[in-house]
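Given the structure of chain A, go ahead and fit chain B with the ligands onto it with the hints provided.
As you go down the protein sequences, you meet chains A and B in turn.
If you read the first sequence in our numbering, its first letter stands for residue 1, the second for the next number, and so on.
If you read the second sequence in our numbering, its first letter stands for residue 1, the second for the next number, and so on.
Where hints are given, some of them may not hold.
As the list claims (entries may be wrong) - Which bits of chain A does chain B cover? Going by a derived footprint, with three or more residues having C-beta under 8 Å, they are:
| # | region |
| --- | --- |
| 1 | 8 to 22 |
| 2 | 324 to 332 |
| 3 | 336 to 343 |
As the list claims (entries may be wrong) - Not everything, but these chain A residues come out facing chain B in the computed CB check (under 7 Å):
| # | residue |
| --- | --- |
| 4 | M1 |
| 5 | S2 |
| 6 | V3 |
| 7 | K162 |
| 8 | P413 |
| 9 | A414 |
Simulated from the structure, these hints should not be mistaken for laboratory data.
In this text, a Cβ means the ideal position worked out from N, Cα and C, and glycines have one as well.
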Amino acid sequence: MSVWRLVIKEIVRRKTNFVSGLVAVTLAAAVLAGSMTILRLHDLRTQRILARKEQETRQRMAVLEDDYRKIMKNLGFNLLILPGNQKLSDFYADDAVSAYIPDTYATRLAEAKIVTIRHLLPSLQEKVLWPERKRTIILIGTRGEVPSMFRDAREPILVAVKKGHAVVGHELAESLGLRAGDRITLFGRTFTVGQCNEERGSKDDISIWIDLSEAQGILGKPGRINAILALKCHCAGNELANVRRDVASVLPGVQVIEQGSKVLTRAEARDRASKEAAEALAGEVGNRRQLRDELERFSSILAPLALLASALWVGLVFYTNVRERRGEIGILRALGARTRTILRLFLTKALLMGCAGGLAGYVLGTSIGLARQGEIGISFLDPRLFLLTFCTAVVLSLAASWAPAYYAAQQEPAEVLREE
Amino acid sequence: MLVLDRVVKTYPKGSRRITALAPIDLTVRAGEFVAVEGPSGSGKTTCLLIAGGLLDPDSGKVLLDGHDLHAMTRNQLAAFRSQNIGFVFQQYHLIPYLSVLENILAPEAARGRANGQARGRELAGQFGLDHRLDHTPAELSCGEKQRTALARALLFRPKILLADEITGNLDHVNAQIVLGYLREYVKTGGSVLLVTHDREIASQADRVEYLPDPRELETPR
Ligand SMILES: Nc1ncnc2c1ncn2[C@@H]1O[C@H](COP(=O)(O)OP(=O)(O)OP(=O)(O)O)[C@@H](O)[C@H]1O
Ligand SMILES: [Mg+2]
Chain A
1 MSVWRLVIKE
11 IVRRKTNFVS
21 GLVAVTLAAA
31 VLAGSMTILR
41 LHDLRTQRIL
51 ARKEQETRQR
61 MAVLEDDYRK
71 IMKNLGFNLL
81 ILPGNQKLSD
91 FYADDAVSAY
101 IPDTYATRLA
111 EAKIVTIRHL
121 LPSLQEKVLW
131 PERKRTIILI
141 GTRGEVPSMF
151 RDAREPILVA
161 VKKGHAVVGH
171 ELAESLGLRA
181 GDRITLFGRT
191 FTVGQCNEER
201 GSKDDISIWI
211 DLSEAQGILG
221 KPGRINAILA
231 LKCHCAGNEL
241 ANVRRDVASV
251 LPGVQVIEQG
261 SKVLTRAEAR
271 DRASKEAAEA
281 LAGEVGNRRQ
291 LRDELERFSS
301 ILAPLALLAS
311 ALWVGLVFYT
321 NVRERRGEIG
331 ILRALGARTR
341 TILRLFLTKA
351 LLMGCAGGLA
361 GYVLGTSIGL
371 ARQGEIGISF
381 LDPRLFLLTF
391 CTAVVLSLAA
401 SWAPAYYAAQ
411 QEPAEVLREE
Chain B
1 MLVLDRVVKT
11 YPKGSRRITA
21 LAPIDLTVRA
31 GEFVAVEGPS
41 GSGKTTCLLI
51 AGGLLDPDSG
61 KVLLDGHDLH
71 AMTRNQLAAF
81 RSQNIGFVFQ
91 QYHLIPYLSV
101 LENILAPEAA
111 RGRANGQARG
121 RELAGQFGLD
131 HRLDHTPAEL
141 SCGEKQRTAL
151 ARALLFRPKI
161 LLADEITGNL
171 DHVNAQIVLG
181 YLREYVKTGG
191 SVLLVTHDRE
201 IASQADRVEY
211 LPDPRELETP
221 R
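This is chain A alone, in the form it adopts within the complex:
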């Protein structure tokens, strides 16, 4: 006859007592496991929602990017090919051109058949003093065509400049009273004004375009140019590097610059879209977190309350049990049971109650928690949660029964044994 057997027999005999304690432990463990499961489910669901949102955003961004690429492709973009030793700062500051490349470069580039590059316009330009009129002008020699790309962003229009003809910028034409068909003298040569440009509000307004070879003659730079403009190139913005490489392989010692604001526009649009997406995502994260906080607050009140109520109930159940078993305790003492034997008698029972309650509570709580898990497949057994629930139930049961068990062990048997 072992204490263990004594405990089992007693439990079987007084089922109600054990079951009422067991129910309390089970419920407390269920509340714990259930609320933890719901929190975990919430976290997983949040993860999923965010992952989906991110995926959507990525897809939207990709579509956006694609749209832009198509628009840009149709638009084309413009490249400026400059001598490698041309200082860009000087170039931007006042068109001070100080470096040159041979005009054969343009032909070479054209013959290289780089598919992305079209409309090559070699040019030679220099800021000079117009001796006949005492005016500072930008003299630009082009081969056959003058780009007027700012008039229509979508379709740059090319104006041809024939030999012996000149295209005059708006400011010059206005102040000098020049008209199409007038004759002008430029460095001793006579040109017919082919066209006066509309006002552009840029250095173009003080520029004069003439044929390249004539400009080379005037400026004393035969066979030389200082820029090649490539118009309506067909490629995506991030392929600029490729274009650069292609150009460099054909023309050593040049630099390639992308001209115009289209690149910026595209980048900005992309930035704005991704920022919006990020904000939407952050909003969602905030919502989910708030919901989680509320859930957590709720369960952080409910779970301890359930544990406390359960502990009180279990304590009461054990106290009742001890009172009921005073005679039994008395006789066991008379038979030579020590304090620890009596303690074991009750604590073993509590241990069983805790184990069974922890197990049942985990099953119950997790089942309830997972009842509405929907598409999220959580495995029923979460070892860490199980351990937490199980240990909590056991500790609760032992702690709650400790005082009644101790009280039982301290009972003086004489009193009970003399009764009746």
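Positioned in the frame of chain A, the structure of chain B with the ligands alone reads:
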């Protein structure tokens, strides 16, 4: 050998003290069956509880084979009791959810050692309980209950058996059966201290001690 040396027990009641047990000297030798006879309220049960170390006397000593019971700690006493003293009560105090055999073996649980199986079955057979081994106490007659309680007390062959009014609930035949077992036990070297109010029962012991009527003793303090 059990020795009660000037053992006294009183209880406070208001301004007075109730004498539960008047001073008593008592010796029970090994192999001796001693009866203590006294009227109701004379302190028979009190005497027995003190003799078994379950109740502390106000003064006096209880020695079992030279060991002073009331000088021991609770747990020392428990261990000592489980090896040397057996108790039987008028109300049997059987554990209701255990079978007869399990009740007989209950001292194993108290002792923390399970080596009484064979002896338990032997005692059950000896006390005519073979056919009742699986029964619970509720299913037994009074005589069977008392025999079960007796078998339980004798499981580990205590040096002394303390029996409190154990024939009180039994008819003449059953009382004689139980007394027979007690006499047999002393023959095998054990000692028995039986307390009873029944002169006829007491007279079957080797020796009878008398407790005075408490009403003659009560004096204002
Ligand atoms: N805890 C107690 N408090 C007060 N008085 C007590 C207590 N225990 C016993 N008494 C008193 O001590 C006296 C002896 O009691 P005890 O139970 O030993 O008598 P008894 O001889 O066994 O009587 P009975 O034959 O009726 O069983 C009684 O008068 C009883 O009232
Ligand atoms: Mg009595």
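Hint check results:
1. 8 to 22: With 5 residues close enough to chain B, the hint holds.
2. 324 to 332: Our answer is that it holds, as 5 residues pass the Cβ test (under 8 Å) against chain B, meeting three.
3. 336 to 343: holds (count 6)
4. M1: holds (4 Å)
5. S2: holds (6 Å)
6. V3: Interface hint status for V3/A: holds (5 Å vs cutoff 7 Å).
7. K162: Violated - the Cβ of K162/A stays beyond 7 Å from chain B, reaching only about 123 Å at its closest.
8. P413: This hint holds: P413/A lies near chain B, its Cβ roughly 5 Å from the closest one there, short of 7 Å.
9. A414: holds (4 Å)
In summary, the one numbered hint that this structure violates is 7.
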